[in-house]
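Colleague: These protein sequences, in sequence, are chains F and Z.
Okay, so the first sequence: first residue is -8 according to our numbering, each after it adds one.
Okay, so the second sequence: first residue is 640 according to our numbering, each after it adds one.
Among the hints, a few may not be true.
Unchecked claim - Below, a list of computed lysine-lysine pairs in the DSSO-like style, where the Cα atoms sit at most 27 Å apart:
(1) F:K196 with F:K301
(2) F:K33 with F:K200
(3) F:K196 with F:K29
(4) F:K23 with F:K34
(5) Z:K703 with F:K274
(6) F:K29 with F:K87
(7) Z:K703 with F:K301
(8) F:K29 with F:K293
(9) Z:K703 with F:K293
FYI, nobody ran anything at the bench for these hints, they're computed from the structure.
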Amino acid sequence: MAELIIPAIISCVIAFFTVYVITPPLIQFLQKRNLAVKDMNKKDHVMVVRPGGPSIIAGIIASEIVLYGFFQLNEILAIMITSFIAFVIGYVDDRKVMSGWFKPVALVIAATPIILLGTYDSNLSFPLFGTVQIPALYLGLIIFMIPITGNTINSIDVLNGVASGFMIIASFSLSIALFILQNYEMAIISLPLGFASLAFYKYHKIPSKIFPGDSGALTLGAMYGAIAIVGHVEIIAAVALLPAIINSFLFLSSMKRIVEHRQIKGKPVEHTEDFRLQATSDKTAPITLVRLILAAGPLSEKQVGYAIFKLAIFSGILAIITAFMMRVQI
Amino acid sequence: MKIGLFGFLFAMWALIIAGGGILVTILGPFSISGYGDFDLLLTSILKAIIAIILVVIWVLVLSKLKNWIFKKEIKS
Chain F
-8 MAELIIPAII SCVIAFFTVY VITPPLIQFL QKRNLAVKDM NKKDHVMVVR
42 PGGPSIIAGI IASEIVLYGF FQLNEILAIM ITSFIAFVIG YVDDRKVMSG
92 WFKPVALVIA ATPIILLGTY DSNLSFPLFG TVQIPALYLG LIIFMIPITG
142 NTINSIDVLN GVASGFMIIA SFSLSIALFI LQNYEMAIIS LPLGFASLAF
192 YKYHKIPSKI FPGDSGALTL GAMYGAIAIV GHVEIIAAVA LLPAIINSFL
242 FLSSMKRIVE HRQIKGKPVE HTEDFRLQAT SDKTAPITLV RLILAAGPLS
292 EKQVGYAIFK LAIFSGILAI ITAFMMRVQI
Chain Z
640 MKIGLFGFLF AMWALIIAGG GILVTILGPF SISGYGDFDL LLTSILKAII
690 AIILVVIWVL VLSKLKNWIF KKEIKS
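Pulled out of the complex, with its shape left as it was, chain F reads as follows (with noise of 0.2 Å):
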């Protein structure tokens, strides 16, 4: 246990240093460039630049390759490369806007890294029941999973700072879970997410001075996913990302099909007199998180923001009890 404590504290101070000194410089960079979009959810004309994409995956990757440096192992490679695989799915994204199937589709690529390195076990575990053996099932179930965390990810980053600091939450609970699961190396490997949007939700927070884009984004959530088949606690990693599910969920089964956000022509949101925002009554709209928290009335940016940080640490609490239970076995 001793000498993992040295790699744990090198990979987090990497991670995070990484991304938090260079996001200024890409902002600067992006301001000359005049890589813009304006913020939706601001009185004044204000423009934030995007995307912040590159800066978190040299945290993660330079972070990684620190770790593979000690372990050697071939699940920190499957986690990079699927997570890179997915930022520049995001970044082609984030330079050409591609149609609604673009993004799932192309995800699929960015898992079979997982499969080829053979760093997977088609064991599902379940809390208090056990596991099942479903192989065939399982390489469905690694196709199927990166495209949903990492488009899950990429649906909730709709406000300042929520998409960076609900990763922080559900990575960080997905450490503890393993922790607890005494899977101690995949824990320390899981740190670096935790650590990367620490120190980007310092310039996502709001008032946003860069956004995730596309390929920040789908960054995290591919590399959420990673971890959860890599460390098997593919279970544990949906509850805590359940918030993000219900948003990706309710948003499915009121449009019915995949489509881009910039496609939809309803508004589910909009804005009070004194700009803070409040549910629409429009019936093509999709119904959404934030849409529904809204239902009891308006709220300001940041009151929503804060309503789904405590629906994901709710997640989070319920992610590190399913964790205990995995040690139980009726």
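Starting from the known structure of chain F, fit chain Z onto it as the hints suggest.
Modeller: For chain Z alone, coordinates are given in the frame of chain F:
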């Protein structure tokens, strides 16, 4: 924010745990024999079909639950 979303999260979690129980107790010991080399493949395919049906049921239950919880929430 009212209790609705937390209740919905908790219901989803309970459904995941219960679904896992069904999957392990029904699907786990399930196997087909008498087809020689195809036994494993047939068992895998059938397990996959049952699991997909369970997921569809899970989504339907969740959908009903969503309507019930949030209609109540909006009315109150």
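Colleague: So if I understand the rule, the pair passes when the alpha-carbon distance is 27 Å or less; does F:K196 with F:K301 pass?
Modeller: holds (16 Å)
Colleague: Is Z:K703 close enough to F:K301, meaning Cα to Cα at most 27 Å?
Modeller: The hint holds at about 24 Å.
Colleague: Is the hinted pair F:K196 and F:K29 satisfied, with a Cα-Cα distance of at most 27 Å?
Modeller: holds (16 Å)
Colleague: Take the C-alpha atoms of Z:K703 and F:K293, compute the straight-line distance between them, and say whether it is at most 27 Å.
Modeller: Since the Cα atoms of Z:K703 and F:K293 sit roughly 31 Å apart, the hinted pair is violated (cutoff 27 Å).
Colleague: Is the Cα-Cα distance between F:K23 and F:K34 27 Å or less?
Modeller: OK: F:K23 and F:K34 at ~24 Å, within 27 Å.
Colleague: Below or equal to 27 Å on CA atoms is what counts here, so check F:K33 against F:K200.
Modeller: holds (13 Å)
Colleague: Given the hint that Z:K703 pairs with F:K274, test it: the Cα-Cα distance must not exceed 27 Å.
Modeller: holds (19 Å)
Colleague: Regarding the pair F:K29 and F:K293, is the alpha-carbon distance no greater than 27 Å?
Modeller: This hinted pair holds, its Cα atoms lying about 18 Å apart.
Colleague: Are the Cα atoms of F:K29 and F:K87 separated by 27 Å or less?
Modeller: Measuring from Cα to Cα gives roughly 17 Å; hence the hint holds.
The structure does not agree with numbered hint 9 stated previously, though it agrees with all others.
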